[in-house]
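Chemist: Here are the chains, one letter per residue:
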Amino acid sequence: MNLRDKLKRYEKNNKSSPSMKENRDYLNKKIFPNTIIKNEQGKYLKTQKIYSKDYQHGLYEMNKFFEELNVYSLKQITNTDTQMKKEGIKDNILFIDTETTGLMGGTGTVAFLIGVGYFKDNDFFIEQYLMRDYDEENAMLNDIKKLLLSFDIIVSFNGKSFDLPLIQTRLILNRLKMPDFNLHVDLLHSARRIWSFLDSCSLKSLENNVLNFKRIDDIEGYLIPSIFFRFIEVKDLELLKPVLEHNSYDILSLVTLFTHLKEIHLGKHKKLNSHEFFHMGRIKEKQKEFENCIKYLKKAVETAQENDIKYRAYKKLSWQYKRINQYEKAVEIWQKMIKERGAVIFPYVEMAKYLEHKQKDYKKALYYTEEAEKLLDKNKMNTKNHKCNAEKIEHRRSRLLKRLERS
Amino acid sequence: MNIEQMKNSLENRPEFMNRVTAWKELEGRTGEYVDLPHNLDKRLKNVLKKKKIDQLYSHQKKAYDYIMEKKDTVVVTPTASGKTLCYNLPVLNSILEDDSNRALYLFPTKALSQDQLSGLYELIEELSLNIKTHTYDGDTQVSARKSIRQSGHIVITNPDMLHVGILPHHTKWIKLFENLKYVVIDEVHSYRGVFGSHVANVIRRLQRICEFYGSDPLFICASATIDNPGELSSKLIGKDIEVIDENGAPAGPRDFIFYNPPVVNKELGIRRSYVLESKKIASIFLKNKIKTIVFTRSRLRTEIILSYLRDDKPQDVNIRGYRGGYLPNERRQIEKGLREGKIHGVVSTNALELGVDIGQLDVSILAGYPGTIASSWQQAGRAGRGQRRSISIMIASSSALDQYIVNNPEYFFEKPAESALINPNNLMILLSHIKCAAFELPFEKGEKFGVETTEKILRYLEDNHVLRYKGGKWYWSAERYPAEDISLRSASSEDFAVIDKTETGSSRVIGRVDYFSVPTTIHKDAIYIHEGKQYQVKDLDYSGKKAYVKIVDVNFYTDANLAVDLRVLDKFESKKFDKRSASHGEVVVSAQATMYKKVKFNTHENVGYGDINLPEVEMHTTAWWMSLAEEFEEKINKKTLENALLGLSNLLVNIAPIYLMCDPGDIHSTIQIRSPFNGRPTIFIYDSYPGGVGLSEKLYRIDHKLLKSAYSYLQKCPCEGGCPACVGPINEVGLKAKEKTLYLLREVLKGESER
Numbered sequence: 381m382n383l384r385d386k387l388k389r390y391e392k393n394n395k396s397s398p399s400m401k402e403n404r405d406y407l408n409k410k411i412f413p414n415t416i417i418k419n420e421q422g423k424y425l426k427t428q429k430i431y432s433k434d435y436q437h438g439l440y441e442m443n444k445f446f447e448e449l450n451v452y453s454l455k456q457i458t459n460t461d462t463q464m465k466k467e468g469i470k471d472n473i474l475f476i477d478t479e480t481t482g483l484m485g486g487t488g489t490v491a492f493l494i495g496v497g498y499f500k501d502n503d504f505f506i507e508q509y510l511m512r513d514y515d516e517e518n519a520m521l522n523d524i525k526k527l528l529l530s531f532d533i534i535v536s537f538n539g540k541s542f543d544l545p546l547i548q549t550r551l552i553l554n555r556l557k558m559p560d561f562n563l564h565v566d567l568l569h570s571a572r573r574i575w576s577f578l579d580s581c582s583l584k585s586l587e588n589n590v591l592n593f594k595r596i597d598d599i600e601g602y603l604i605p606s607i608f609f610r611f612i613e614v615k616d617l618e619l620l621k622p623v624l625e626h627n628s629y630d631i632l633s634l635v636t637l638f639t640h641l642k643e644i645h646l647g648k649h650k651k652l653n654s655h656e657f658f659h660m661g662r663i664k665e666k667q668k669e670f671e672n673c674i675k676y677l678k679k680a681v682e683t684a685q686e687n688d689i690k691y692r693a694y695k696k697l698s699w700q701y702k703r704i705n706q707y708e709k710a711v712e713i714w715q716k717m718i719k720e721r722g723a724v725i726f727p728y729v730e731m732a733k734y735l736e737h738k739q740k741d742y743k744k745a746l747y748y749t750e751e752a753e754k755l756l757d758k759n760k761m762n763t764k765n766h767k768c769n770a771e772k773i774e775h776r777r778s779r780l781l782k783r784l785e786r787s
Numbered sequence: 010m011n012i013e014q015m016k017n018s019l020e021n022r023p024e025f026m027n028r029v030t031a032w033k034e035l036e037g038r039t040g041e042y043v044d045l046p047h048n049l050d051k052r053l054k055n056v057l058k059k060k061k062i063d064q065l066y067s068h069q070k071k072a073y074d075y076i077m078e079k080k081d082t083v084v085v086t087p088t089a090s091g092k093t094l095c096y097n098l099p100v101l102n103s104i105l106e107d108d109s110n111r112a113l114y115l116f117p118t119k120a121l122s123q124d125q126l127s128g129l130y131e132l133i134e135e136l137s138l139n140i141k142t143h144t145y146d147g148d149t150q151v152s153a154r155k156s157i158r159q160s161g162h163i164v165i166t167n168p169d170m171l172h173v174g175i176l177p178h179h180t181k182w183i184k185l186f187e188n189l190k191y192v193v194i195d196e197v198h199s200y201r202g203v204f205g206s207h208v209a210n211v212i213r214r215l216q217r218i219c220e221f222y223g224s225d226p227l228f229i230c231a232s233a234t235i236d237n238p239g240e241l242s243s244k245l246i247g248k249d250i251e252v253i254d255e256n257g258a259p260a261g262p263r264d265f266i267f268y269n270p271p272v273v274n275k276e277l278g279i280r281r282s283y284v285l286e287s288k289k290i291a292s293i294f295l296k297n298k299i300k301t302i303v304f305t306r307s308r309l310r311t312e313i314i315l316s317y318l319r320d321d322k323p324q325d326v327n328i329r330g331y332r333g334g335y336l337p338n339e340r341r342q343i344e345k346g347l348r349e350g351k352i353h354g355v356v357s358t359n360a361l362e363l364g365v366d367i368g369q370l371d372v373s374i375l376a377g378y379p380g381t382i383a384s385s386w387q388q389a390g391r392a393g394r395g396q397r398r399s400i401s402i403m404i405a406s407s408s409a410l411d412q413y414i415v416n417n418p419e420y421f422f423e424k425p426a427e428s429a430l431i432n433p434n435n436l437m438i439l440l441s442h443i444k445c446a447a448f449e450l451p452f453e454k455g456e457k458f459g460v461e462t463t464e465k466i467l468r469y470l471e472d473n474h475v476l477r478y479k480g481g482k483w484y485w486s487a488e489r490y491p492a493e494d495i496s497l498r499s500a501s502s503e504d505f506a507v508i509d510k511t512e513t514g515s516s517r518v519i520g521r522v523d524y525f526s527v528p529t530t531i532h533k534d535a536i537y538i539h540e541g542k543q544y545q546v547k548d549l550d551y552s553g554k555k556a557y558v559k560i561v562d563v564n565f566y567t568d569a570n571l572a573v574d575l576r577v578l579d580k581f582e583s584k585k586f587d588k589r590s591a592s593h594g595e596v597v598v599s600a601q602a603t604m605y606k607k608v609k610f611n612t613h614e615n616v617g618y619g620d621i622n623l624p625e626v627e628m629h630t631t632a633w634w635m636s637l638a639e640e641f642e643e644k645i646n647k648k649t650l651e652n653a654l655l656g657l658s659n660l661l662v663n664i665a666p667i668y669l670m671c672d673p674g675d676i677h678s679t680i681q682i683r684s685p686f687n688g689r690p691t692i693f694i695y696d697s698y699p700g701g702v703g704l705s706e707k708l709y710r711i712d713h714k715l716l717k718s719a720y721s722y723l724q725k726c727p728c729e730g731g732c733p734a735c736v737g738p739i740n741e742v743g744l745k746a747k748e749k750t751l752y753l754l755r756e757v758l759k760g761e762s763e764r
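Chains Z and V, in that order, give the protein sequences. Mapping of the first sequence onto the numbering used here: residues 381 to 787, in sequence order. Mapping of the second sequence onto the numbering used here: residues 10 to 764, in sequence order.
Heads up, some of the hints might be wrong.
[Claimed, not checked] Listed below are the simulated BS3-like cross-link pairs for lysine-lysine, each with C-alpha atoms no more than 27 Å apart in a straight line:
#, chain 1, residue 1, chain 2, residue 2
1, V, K119, Z, K540
2, Z, K651, Z, K594
3, Z, K621, V, K479
4, V, K184, Z, K540
5, Z, K423, V, K454
Hint data in this document are derived by calculation from the structure and do not stem from the laboratory.
Start from the sequences, fold in the hints, and give me the full structure.
Modeler: Shown next as structure tokens:
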């Protein structure tokens, strides 16, 4: 702690001009194609790359994105109702992903690179807005704001809690107003509804496990802030090349992920695994599309490799049948469950309920109740859930006994 | 018996009266009332009338008027004088005027924020308008935060949350900052020392952000009685401020009694336990069902006195404890019981000293001097209902500070209260907040943050790649989030964590110790006292900045010996007298802890020792020093002189906190029999915080007064040759230390009395 000394020394040594470094030109200016954009507020760097409609990224070619892209499929993906202000959805979607100087947020974090993607005349354009130093932010953000104004739908990955609030903060600090959007599709939320069973629901994990895309020589996201800080010191654009590539991959994967979600929700992608079928069943249940729900759950049962997911699907499926009064189908499932695995009380309890209330067959109902009770005793666990179950079963048993007495 | 009869009964107890060193009868006074302001919103007037408030105290009205005239204002009033109305009236009035107006309230603790919230709710409910008032701190539910940010009219928080949770995210608080009309800072007197210096910088950051959003809030401060409320508040908010220090609230007569427990060991100067004495005296009142509050200095003592009192009380007398660590519900219940009179007695830490509403009691007993005059008056003020008589009794412990106060009552009663010192421009603290400020908004060239030399600091940070200068602005240019690394409650960012490992498998951070205190407070085997519990350091991970502790139950504490080397770097000012010279300036202190003693509680006996093996720590700070004239070296032999010097430095550092309004741990002393700086025998007293917080400069201004008090105090100390309460124990300072210290003081003062 000799800060005061350091300050004093600093004062002595640093009278010389620091402008030498300042005025040095950038190195490797053309290591990737780019243009310097100038506007009233200043200048910044921009790249543009065009991907033709048959460009393949992971599972899909670009043009697959257009198929059945409409209000209905948007609703399916986002699980929300949406009304379009403008004509044509395809040309109205902006994919967006930022690279920042920190991952913790707060007003001191800067989005130094804002990557966007959009379709025009069936081609896919990726544009990257880069501030090469802090004094270029204002010019960059002015153009970003204009760009945002011309799109109605934003597609991002975790943009609801990270990218968009950050852009909003940067706009406020530059005294600009954040434009409103009609719809913000945060694909992280959409993906979580289906792939929550994966160890991680990060974009990278989805690329590896779902989208069939492997990045080669990709940099780790957490290194990006320090690369930027190094870049502003040495002004060598070569340093940023991998960051721009990383960002492009992110945007391309957004398109593929979006397409994949659309295909799944529209039932066009058939090769799902049992977990995916099961979660689709849940989504359809929530959307009250019960027919589809049953379809997915049946698929989940058929494709199940492990018992756990199979029984979860069975359980849900039998409830669905119960709900639409198809008891024979529900009974069929419960019987299967009893036959295939005896360690869960669920099918016994359900059988008992069915026999008691629907069939009025108290004797048989009592049999299933007592079987459930035996099972429970065998797997005694001192949990709240267990006690609760035991009480319920005991209650049913005594009621059944009374009924049998009376009849 | 009623309170009057109790007073007479006390006077007739010789065993009590023999120990009394002062009995001051303070007269009561009638209230000064004025009409409600004519420009106060009608709805607000009606609410006040419903609450039977037809008039205001004069100081409340004055505050209202000042604030209406757009003057920043600090209100200085004792306990129970209706200070919250001073700021709630103008704030509510302005929100009634314009629904978009906003206010920010700052309280030093979360508990006080909660208390304020419930007080405000009562007013707002009566108004039956939708004025959204919320606390926003670490306890606020995440789900509620967004709506508070967007639509809270009054946001109640603490400086720490403002520092780390609000300012670095100001873009989420646009509605608040664009429309901020008032910033209320209550308990201003608690923002002193390092904490206050930090808070002043947080306020600078707040003002900077308000400026960005085009608002210019008025500051309304409230303070307990201190000597320099205007100076402190104006340093805190960085501009001049109006002081309202006349009090229009009524008060009954008060007897303030100083009580010194008898000496039981004359040689060592040990007195009978003040804890037991406090219990004994409290019992006298409680047995007569007279409402009594006992203030203690630690959570542990609260519990001890409580259990003693409960063992010895009539069945129908209800006594409760109150301290930090009790659950909020429990606390509310105790407060209510006190207000309604269902609880007769309460034993509390200083938690009840600040603005929590508990109604008024009849007797307050201060078990031990609370450390400052201001606190003493706050605590005493908890007794006294309306115009009724009240009694306050301060029972001294055997510590130096207590003994000084109890034996120098005139000092206590004549001086209004201490000054609270802050130094917002302490380089370390300033630098920390310039980082935070740059994170929040880039610095423009020419912009000042408190000091003229702002640019120099910005360029220093630029050179260290924390900031980047571009296009006339300095931008935050690092990944880190600076506010997270900076604690408002200490000066150094390199704190060590103290981790409780009492229960195997669990570990809990119970405290933090700043880097410079590590060698003396958390060396291996040190006793670390936290929340009244004793912990022993089992392991110190120096590079990992962690100390692992376990609860122990022992009757001693540890006291480390520091080999201190002090070098003067820069002399700011100096003065010369016949027998001494004095200066203050910048010093570097390097300290090496060598060994520690185990010291028995209360008796201060030495019951063992151990080695400390830790690296030397170095600190730049500010110091006051005093060098003796040559004649002393001729008259006294070297060894005796050294002992006298040591005795005098012990005495001065013991008493100085009274004049500096600081904790005893905020200053340290060291002596040099032949200082390399000027070749003279010299006593140094230095700030314990890197960069200093202004204590040594203040010491320089008042050192004559300090020496005089030290002299009269030492003359009165009943010990024979020295005790821990004056020059130090004989086994440390030698047999003649007391005598020779007296001689030094007498001689030195002789040389100054003619001036």
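Chemist: Run every hint past the structure and note whether it holds.
Modeler: Hint-by-hint comparison with the structure:
no.	hint	verdict
1	V:K119 with Z:K540	violated, 31 Å
2	Z:K651 with Z:K594	holds, 20 Å
3	Z:K621 with V:K479	holds, 23 Å
4	V:K184 with Z:K540	holds, 21 Å
5	Z:K423 with V:K454	holds, 21 Å
Violated hints amount to a single one, hint 1; each of the other numbered hints is respected by the structure.
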